[in-house]
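Undergrad: Below are the chains, spelled out letter by letter.
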Amino acid sequence: MSALLVATDLVRRYGALTAVDHVGLEVASGEVHAVIGPNGAGKSSLLALLSGEVQPDAGRIRFAGEDVTRLGPARRARRGIGRAFQTSAVLRDFSVLQNALLAAVAARGRAFQVTRAVERDPELLADARALLARVDLESEAGRPAGVLAHGQQRRLELAMALAGSPRLLLLDEPTAGAGAEEAQAMVALLQAIRSGQVRLGEGAPPAIVLVEHDLDAVFALADRITVMAQGRVIACGPPGAVRSDAAVRSAYLGDAP
Amino acid sequence: MARVAVWAGLLAAAILLPIAADAVGETYYVGLATRILVFALAAVALDLVLGHGGMVSLGHAAFLGIGAYSVGIWTTHGVTSAGVHWATAIAAGGAFALATGLLALRTAGVAFIMITLAFGQMLYFLAVSLKGYGGDDGLTLWEAARLGPLDLGHDATLYWVSLAWLVAALLLCRRLVASPFGLVLQASRSNERRARALGLEVGRHRLAAYVLSGALTSIAGALLVHATDFVSPAYMGWQRSGELVVMVILGGVGTLAGGVFGAAALILLEEVLAGLTQHWMLLLGALLIAMALLSRRGVAGLLDRLRGRA
Ligand SMILES: Nc1ncnc2c1ncn2[C@@H]1O[C@H](COP(=O)(O)OP(=O)(O)OP(=O)(O)O)[C@@H](O)[C@H]1O
Ligand SMILES: [Mg+2]
Numbered sequence: 001m002s003a004l005l006v007a008t009d010l011v012r013r014y015g016a017l018t019a020v021d022h023v024g025l026e027v028a029s030g031e032v033h034a035v036i037g038p039n040g041a042g043k044s045s046l047l048a049l050l051s052g053e054v055q056p057d058a059g060r061i062r063f064a065g066e067d068v069t070r071l072g073p074a075r076r077a078r079r080g081i082g083r084a085f086q087t088s089a090v091l092r093d094f095s096v097l098q099n100a101l102l103a104a105v106a107a108r109g110r111a112f113q114v115t116r117a118v119e120r121d122p123e124l125l126a127d128a129r130a131l132l133a134r135v136d137l138e139s140e141a142g143r144p145a146g147v148l149a150h151g152q153q154r155r156l157e158l159a160m161a162l163a164g165s166p167r168l169l170l171l172d173e174p175t176a177g178a179g180a181e182e183a184q185a186m187v188a189l190l191q192a193i194r195s196g197q198v199r200l201g202e203g204a205p206p207a208i209v210l211v212e213h214d215l216d217a218v219f220a221l222a223d224r225i226t227v228m229a230q231g232r233v234i235a236c237g238p239p240g241a242v243r244s245d246a247a248v249r250s251a252y253l254g255d256a257p
Numbered sequence: 001m002a003r004v005a006v007w008a009g010l011l012a013a014a015i016l017l018p019i020a021a022d023a024v025g026e027t028y029y030v031g032l033a034t035r036i037l038v039f040a041l042a043a044v045a046l047d048l049v050l051g052h053g054g055m056v057s058l059g060h061a062a063f064l065g066i067g068a069y070s071v072g073i074w075t076t077h078g079v080t081s082a083g084v085h086w087a088t089a090i091a092a093g094g095a096f097a098l099a100t101g102l103l104a105l106r107t108a109g110v111a112f113i114m115i116t117l118a119f120g121q122m123l124y125f126l127a128v129s130l131k132g133y134g135g136d137d138g139l140t141l142w143e144a145a146r147l148g149p150l151d152l153g154h155d156a157t158l159y160w161v162s163l164a165w166l167v168a169a170l171l172l173c174r175r176l177v178a179s180p181f182g183l184v185l186q187a188s189r190s191n192e193r194r195a196r197a198l199g200l201e202v203g204r205h206r207l208a209a210y211v212l213s214g215a216l217t218s219i220a221g222a223l224l225v226h227a228t229d230f231v232s233p234a235y236m237g238w239q240r241s242g243e244l245v246v247m248v249i250l251g252g253v254g255t256l257a258g259g260v261f262g263a264a265a266l267i268l269l270e271e272v273l274a275g276l277t278q279h280w281m282l283l284l285g286a287l288l289i290a291m292a293l294l295s296r297r298g299v300a301g302l303l304d305r306l307r308g309r310a
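Sequence order for the protein chains is Y and U.
Numbering follows the numbering used here, with no gaps: position 170 of the first sequence is 170.
Numbering follows the numbering used here, with no gaps: position 192 of the second sequence is 192.
Just chain U, with the same shape it has in the complex (with noise of 0.2 Å):
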């Protein structure tokens, strides 16, 4: 009851952010809330396979491009419905995870993070071939996506709009891992040999769930481009894959939640640290070294601690 409460008031205060931050004529911090929620979606979604199917994929990033330039091509044409752009990004984003995954999928351990590192450079490398979208130099868009009535160009709209899918994406995972699908996913990473001599083809399981955290994971490209608007190559760099492989890791690994917390630390830490100094970098890998020996289980597990402490 008292967790229900607490995420209840965490929810009622980010609703209200826009508001505050409108009221103080700090409106800055809403394009930075609306990085933080549009990281934190690619996190929760990266978790699920991470943290609960055990698949350690280092190619993620080329979710978020494939969202990305599901809303820059449409709008390079004219097309400026989100609707279109979101329904895209999920067919397209989980497409290319049912293809990759068939593949990646017949692999483990390292194999598996090698071979989904390398899916992701090939498709970085087909986004810089697409000169017709600005290639390498990336594609700035002049008009914003509209949601019905809604313009996504309005900052603290799009914060709301990304709030949405946050929260959305936390419940259906939230869900899922307590279903009996999530009980095989996380048994499949637990001990796969003893889950298949029980019956079950956990390959199915890690694929579904691949799927599904591909198509969120687009979700979150594109909305990364409705607060942008602008697309690039650089969106699915092996670098921003291991930036989401650390925000689960900094967040709490198999947590869901953790992906949130995870995704804010390393956005605000960036924040902070590369206005206090150029080697931020370096001030960043100190305090994740830090975090790996006091916690296993990333802010989350601290956060359980103290709550148990109190």
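Just chain Y, with the same shape it has in the complex (with noise of 0.2 Å):
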């Protein structure tokens, strides 16, 4: 396998902090790639780094063979790397089916026509209901997103993410603050997803670096796992070889439930 996305020898601080402290990632076409550590260890800022949101001030990100470094989070997106956040970020005052077509848009690249009106559009349209049938969302809408249940927003945030078929997602953290059934719910969609059964357009499945806290949902979706502490890498490998890290048990998985 090709590594897609190669990161090496990041760092971020934040004054006296470094929340990303020499950290480096590969993650290969198609894999599930999870990063794991105790609140604080650098997660989300890894996946700032990552979408663009952030720069680092050390370090290089390839993706897709190219030096992504310099670039903004826009033209990352555009490039193919989608991403949902920790605390979900649905338009809350768009409409369900506003949030799919305004999705639709940046995936045609439709973001600068003026000529036809969103709502009357067939091809955006037939897009949005699309996205919104990936994700069990259709009967909602017409609903504000804002109004929607935890669970569903995040459903939505993913059929945004979806979008664009991106090669790479970057989820931070998908279950949290779900109820049991819901989290199961979304590890069901994260794996059909991972399988190519649910997919936009033609290309393969995306590789997904999945931040979360739920082990059970780890251990289930990840082919390779990262696991931080302190913004360190301490681990990285299979499942199997991480859950049987003595490094890791002491620091992270020693005190999970």
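Read the hints as simulated data drawn from the structure, not as lab findings.
Do not take every clue at face value.
Quick partial rundown of chain Y residues pointing at chain U, CB under 7 Å, derived from the structure [stated by the list, open to error]:
id: 1; residue: R70
id: 2; residue: P73
id: 3; residue: A74
id: 4; residue: R83
id: 5; residue: A89
id: 6; residue: L91
id: 7; residue: D93
id: 8; residue: L102
id: 9; residue: R110
id: 10; residue: F112
id: 11; residue: V114
id: 12; residue: V118
Even glycine gets a Cβ: it sits at the ideal position worked out from N, Cα and C.
Could you fit the two chains together into a complex? Lean on the hints.
TA: Structure below.
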């Protein structure tokens, strides 16, 4: 497998705190790469570096053979990096359908089109409805996204991130704040995305960088796991190896419920 | 469908207003109505950036001033073609919006408010320093503008021309807001982070909307001078910018048509209250607070609610 994403020696400081401390990460095409670690380990900060929201103080990021270190989030997104945030970031005052339409507009590169009303464009509408169907939200299309249940908002956000058929998905705790049932549904959805059952357009299933606290979800989904603590990578490998790693056990798994 | 009928009725009434005023001999109201239309145009243009792009500009009076001086300066040099005045207003207003927008749009929130205010005041003092064009005192124009065969010095004609501009601006902005461009613009207001993560460069949308808004507001400034035959720096004081923001809020942020209601409400209130008491500003303040408590979406929201109940 060729590496889709190669991050080397990433550093990000906030004042005296080094949130990300010389972190390297390789993600192969189609792989689900989980990143775990205790609160404040730097997982979200790492995702922000990978998505381009935050610039690193040192280190490089290559994506699909290209150096993207200096590119902003919008340009990285257009190159195929999709993103869902830790606190779900749907457009709360937009309807669910409008959220999906926005993703469809972005995916089709129509952001500057002014000639036709979005809600009368059959192509965009078809895209948007297909997106909602993928995550079982068709029946909610007319509601404001802000009033959806937490789990529904996460699914909507995931659908939006999928719209552009990304080659890499960055997911920050997709099951956080969800009940047991919702969490299971999310894991099932992610499994379907990984196996290519849920997708839009052509293209192979995306690789996924999955930041997650729920270890059941992690072990159900991950091909490889990177463990972070205090900004550093303390272990990286297949689930079996990570599970038995002594450093990991003491730093993290030991105090997991 | 009912909505379209209501708008058609309103438009028909608006078109007939000068004829009715003439019939009953109350031509004063044509001038007042023109003033409402012109400020409505500016308020609709402001709502495009404020209500849809989340850009609270407290410097929009600068564009009124640019349009006003476009007319004033050309007229003192003997050019009375409204076409030339408007083309200049659009070009100068658009250019000023582009130049200041490139800087101001690097900021957001309070910083954006302050920087637009600063640019507005800069232009205000520039106008004061234009001694050749009246400086502080302003400039009275002795020749009315013409649009082909139309004499814009004629009150009813100017009224209809202003109405045409307002309707055109409303249609244009509505269309823009409903388009993919408009959806992205609104997404930038609602959740910029999400928009960027989708690959959308929202900065360009904001800038384009700001330029269009500036150009349309400049046209309002030009029309205002056609109506008053007078140009002065007072057109672009920050109080004027504040009034425009109040009109948008009063009418309903993010509704476009609300700008029309807001302009009408503020100008009529001013007219009525100023006749009642010297302390009309106080009364106006109380009314604004009541409005804010009653309806988050201003007059437009109130109308919607009444319709919902009826
Ligand atoms: N913008 C910021 N400014 C200052 N400090 C920050 C900022 N973002 C993150 N940090 C700090 O960096 C450290 C890592 O935070 P980060 O959010 O990446 O952790 P995390 O692993 O995602 O934690 P959690 O599991 O709680 O989500 C924390 O100590 C946090 O307080
Ligand atoms: Mg986090």
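Undergrad: It remains to establish, for every hint, whether it holds in the given structure.
TA: Structure-based check of each hint:
| no. | hint | in the structure |
| --- | --- | --- |
| 1 | R70 | violated (15 Å) |
| 2 | P73 | holds (4 Å) |
| 3 | A74 | holds (5 Å) |
| 4 | R83 | holds (4 Å) |
| 5 | A89 | holds (4 Å) |
| 6 | L91 | holds (4 Å) |
| 7 | D93 | holds (6 Å) |
| 8 | L102 | holds (5 Å) |
| 9 | R110 | holds (5 Å) |
| 10 | F112 | holds (6 Å) |
| 11 | V114 | holds (4 Å) |
| 12 | V118 | holds (5 Å) |
When each numbered hint is compared with the structure, a violation occurs for hint 1 only.
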